[in-house]
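Visitor: The primary structure of each chain is shown beneath.
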Amino acid sequence: MVEHRAQPVRLGRGFWMVTALLAVLGAAGIVFWYVFPLEQYLPAAIVTARQVDTLFRFMAATGTALYVFVLGYLVYFALAFRVRASDPPDAIGLQIHDNPKLEFWWAIIPVLFVILLSVVSVRIWYEIMLEPENGIVVQAIGHQFDFTFRYPQINGEISDEMHLPVNVPVTLNLTSSDVIHSFWVPAMRLKNDTVPGLVTTIRFTPRLTGRYQIICTQFCGVLHSQMNKQVLVVEDKTAFNAWYRGMQIKNAHVSNALPAAGGGAISLAGGSAPAGQTLFQQKCSACHAIGPFDQRIVGPGLKGVLHDPAHPNLVNGDPATPADVAKILQTGYTGSIGTMPNATTNGLSTQDIANLVAYLETLK
Amino acid sequence: MHVDPAILERTGAIAGGLIVGIVAIYALYKDWATPGVENHVFKLMLLLLGIGAVLAILAGAGVLGNFPTA
Amino acid sequence: MSTQAAQLTHGGGIADHIHPEPQGFVRRYVFSIDHKIIGIQYIITAWVFFILAGLLAETIRTQLLNANGGFVSPETYNEVYSIHGSAMVWLVVIPMLTGGFGNLIFPLQIGARDVAFPWLNMLSFWIFPVAGLMLFSSFLMGAPTAGWTEYPPVSLQGAPGTSMWAAAIFLVGVSSTLTGINFVVTLLKMRAPGMTFTRMPLFVWGQFATAPLLMIATTALAAALAALFMERVFGVPFYDPTKGGSPVLWQHMFWFYSHPAVYIMILPAFGIISEVLPTFSRKPIFGYKLIAFSSAAIALAGFMVWAHHMFTSGLAPYLQLPFMILTFAIGVPTGIKIFSWTATLWGGKIHLTTAMLFAIGFIALFTCGGITGIFLAAVPYDLDVHGTYFVVAHFHYVLVGGSLMGIFAGMYYWFPKMSGRLLNETLGKIHFWTFFVGFNGTFLPMHWLGVEGMPRWVATYDPQFEFWNRFASVSSYVMGIAILVFFVNVVWSVRNGKKAGPNPWGGRTLEWMIPSPPHYYNFKQIPTVYGLPYDFSHPLPYKGLEDELTDTPPVAAGAH
Amino acid sequence: MAVASVTHAGAGEPPADRLYAETRELRLQGFLLFLISDCVLFSSFIFAYLYLRNSGQGWPPPGIKHLDVAFAAWNSVLLFGSGATMHYALENWKHGNFIKYMWMLIFTIILGAGFLGGQGYEYTHLIFGEHVSWWGSGIFGASFFTLTGMHGFHVFVGVCYLTVLLMQSAAGVYTGEKYFGITAGTLYWHFVDVIWVVLFSIFYLI
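Residue numbers (numbering that gives the first Met the number 0), protein chains in the order written: chain U, 0 to 363; chain V, 0 to 69; chain C, 0 to 559; chain Y, 0 to 205.
Where hints are given, some of them may not hold.
Unchecked claim - Heads up, simulated BS3-like pairs for lysine-lysine below, C-alpha to C-alpha not over 30 Å straight-line:
id : chain 1 : residue 1 : chain 2 : residue 2
1  : Y       : K93       : V       : K42
2  : C       : K348      : C       : K428
3  : C       : K242      : U       : K282
4  : V       : K42       : Y       : K99
5  : C       : K428      : U       : K100
6  : Y       : K93       : V       : K29
7  : C       : K288      : U       : K100
What the hints assert, rightly or not - Derived CB-CB ranges, DEER-like:
id : chain 1 : residue 1 : chain 2 : residue 2 : range
8  : U       : K100      : Y       : N53       : 44 to 54 Å
9  : Y       : N96       : C       : T195      : 39 to 49 Å
10 : C       : P552      : U       : L10       : 24 to 34 Å
11 : C       : D461      : U       : Y33       : 25 to 35 Å
Unchecked claim - Incomplete in silico selection of chain C near chain U, CB under 8 Å:
id : residue
12 : Y287
13 : G386
14 : T387
15 : A458
Everything labelled a hint here was simulated from the structure, so no lab data went into it. C-beta: ideal position from N, C-alpha, C; glycine also.
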């Protein structure tokens, strides 16, 4: 192959003209993506949405520039070097096998680009992950085929609209009562799956008041297409508080899917914690971890269920009382966070319940 | 007299494990120099077999896997 | 063992052994053990399934003509796209590229008389149509509805057909695994004398990178499917969270296969392109070694990035970053390939035949799909567009604009080796241009549909998206017409096409040195190889091919 | 060069029949690759088992009896022993002691069958014992019975194959250099053993 090295490999004038043209087009593409008014088409409802847009502009611009060059050269070469009628039938092209310098550079440039892109993405990833934790805690539960929402101090589940105050950090706990759904608000540029038996958390801070659509983007059954009716309402503090109080009053009578205790309240006196612990190991620990609420097996973790005020309550805004727990143990529970069999199914005597409650008291 | 079957099993495991382990290691030592793909595979397998025997001995001796039976 | 030692040499071994030619129609054309016949069987079967799955695709687009659907019921619609996806992946692209073109071409290109295990080859072919029929028969008992990924728990609620689906895909997996084993052994052991790894044609390299993926990754999927089947049929809990199972487990096992599967579907197409480009540019491929090794690198890296499909699945955040960066990294070898192909055109004497047009179209469309792939690999942006039409657009650019264009290029390029005739070039050019226009019309708008908020898997959608959906649907009909032209071309050319002769394109790889279609024994005498095939200014680097085009009987024919 | 590679793979001295030697080489590689992909199948299920096992819940799940380690250890020794005997069966064949070879093969089959019997015994106890843990009952049953069942099936297939091998050898199918069937049987049997080493440790010991 030595004799081919001798061959003159010269880039003609046409090549440089085309290169210049492509450079202009590529630059135009870059400019286009940076002036394109994305937010006119899709408002950036939360703070990090704008960072995601920045990332998008960056990738779109570089991608367009790269694509313009590949496509341009492709077409230009295909036309400029096509066989002419004048060529002899056995005409062959320049016998170039490779060009180490060229290959080195076009291996290095993508590497550099990848490093740059990684840096940019990681920085924005951090901004999304490190949204503040303080602020309002809301739970969104996916069902076939809608989302419901739970707020502290509001009984029951709100199923039509999700209200949030503007400029207040939100911690959104996502879970599902049946299959995997995905909670997506295009205006937030943010989504996460709602997985049954798992609580995933996303944090964000609304920055624009308005009404935004909530869409399920994970196939969840025959009416998946319909699972986009809910609306996220971002409104100012006063309006939000008004709505919040309204809901508290409206739902005051809602029983939180907790049926009235059959056969009157159970006397929790004389419950023995050690006995309860053994019982818990046998009967409960298959579904409940002795860990924080988020540590799901089937049901939620029960550490500090009767003490920790920050424990996402089983029932409503108020921290669960021993009586609540006793009721649930007796009558079972059916609701957004799953299903728990009642005392007869679990084979629990009233004394067992008393023991279990006594044990749960000790979980601080 | 009555003997707990577990004792028999454990002794059997230890004794058998010793035999198998020694045999495996000896075979490995003998075949060490043999060339060819499948012989290399055989040697690897013999090594793992020896490890298995050791595990069996340890299990039999109650060093490994002695859980409180619920 | 050294590369040299892995090859055959002459003197009483396989290289000189010729099976007696099978007699009778059944032994020759139905239960044939000849890799060429099996390859053609694969290709024909895959095209039949392609027609069915394509009709399903047109059903999908027709449903989406109107924002409120109305062409079929939502249930039917979900079944339709699930089977469309599964069939296109497992019954069309993978069998066509590996079992089909792989069987047909690469034993010829490495100078072998057949694959290592001809009977196994026949077996793995005959599993494939059976599995295909099972897959489509799931319509009769209520097909799966959860898309080709069939995430539990929703797939646990699915119709009985879902179990049938799992069984069918399991069988296809068995078939691919056997093919993979067969190809690996053939490639390691049956290369002609002198055919070292660095002299192998690039299509062979494509197969060489693909076969291990077929062999290893597919088995992982088999396990996942077996578990799904057992859970659905016998109630064995693996994925059901109410019984302590984990839905995310399926996603791990599924994507550990299905990401390598993406490379199974594209690497052989890379190989086809890398054969077509030098032949029609009359020019060596640019950077042979880079292209060859980057294929291997992509195949290897394919095993380490599966979780980038699961960024929104509740994956631990600290796991997201490594998978994101590794996925970016795969862009590098891919980019190198694209640059090398483009550079191959420079300074060539380019014959713009249909195959060449498809090859160039491949580069154009695949590059677009690759770039949007980088978009999706970036976690923050994936958290936005995951599960939307942006994803649909991305993988159709890769699988239709990439794999299918490659398949078309291969069909036009190697049709002589199947039939001895050429496909009609005029029809071919019509086919290319209508397909190219229709394709972009269909899938380009999906990018912004997804970004603006249209989710996947929907039978009805927000009216604001109606215009672009109608545009896409109409364009998809144009694509349909293009495919029709192609089939007309094939059917017509098999009978009336121009006789090709051994080497119509001036190709230099071994398959062009022998008559088209080749004899059942491929080579009268196994040639000896002295160099890369792509040096157009050099004499051919083969010895022992003198008699191929004469009517002398093969050396040692009938021996043993 | 190929000659060299072929003879190396064989027992030692160059083979008489070149075509057989090369075909044998192909079959050997194919069989090893098959074992590799089979290994991937097991690994996937093992991954599933470990994944579920570490999904938050204690292990074994409450209400599930711990496995009888002593018995399992004893039973495993049977299988490991059969691996050793199989190895010596092949060795004896290579050195031409046909009778010893046959005896070793017979021992292997007996031990393998014994292991299967032991597994059956263990299953019956797990299924009908006081702590019911049938595979529908939870992820413990699911992963345990799936993996050990799969392995048991492999052992069963192996026993059948070795029996066929025994009959073939008695009928003199394998001669001198042409004994790939025996090599394959040994490879497969070793593979089954080694898988059990893994399963034994992950289910009974950790």
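Visitor: The structure should be examined with respect to each hint, and the outcome stated for every one.
Guide: A quick look at each hint next to the structure:
1. Y:K93 with V:K42: holds, 16 Å
2. C:K348 with C:K428: holds, 19 Å
3. C:K242 with U:K282: holds, 14 Å
4. V:K42 with Y:K99: Satisfied, since the Cα-Cα distance of roughly 21 Å is no more than 30 Å.
5. C:K428 with U:K100: violated, 37 Å
6. Y:K93 with V:K29: holds, 14 Å
7. C:K288 with U:K100: holds, 15 Å
8. U:K100 with Y:N53: 44 to 54 Å: holds, 51 Å
9. Y:N96 with C:T195: 39 to 49 Å: holds, 42 Å
10. C:P552 with U:L10: 24 to 34 Å: With Cβ atoms ~53 Å apart, the hint is violated.
11. C:D461 with U:Y33: 25 to 35 Å: holds, 28 Å
12. Y287: This interface hint holds because 7 Å falls under the 8 Å limit.
13. G386: Nearest chain U Cβ about 3 Å off; hint holds.
14. T387: holds, 6 Å
15. A458: holds, 5 Å
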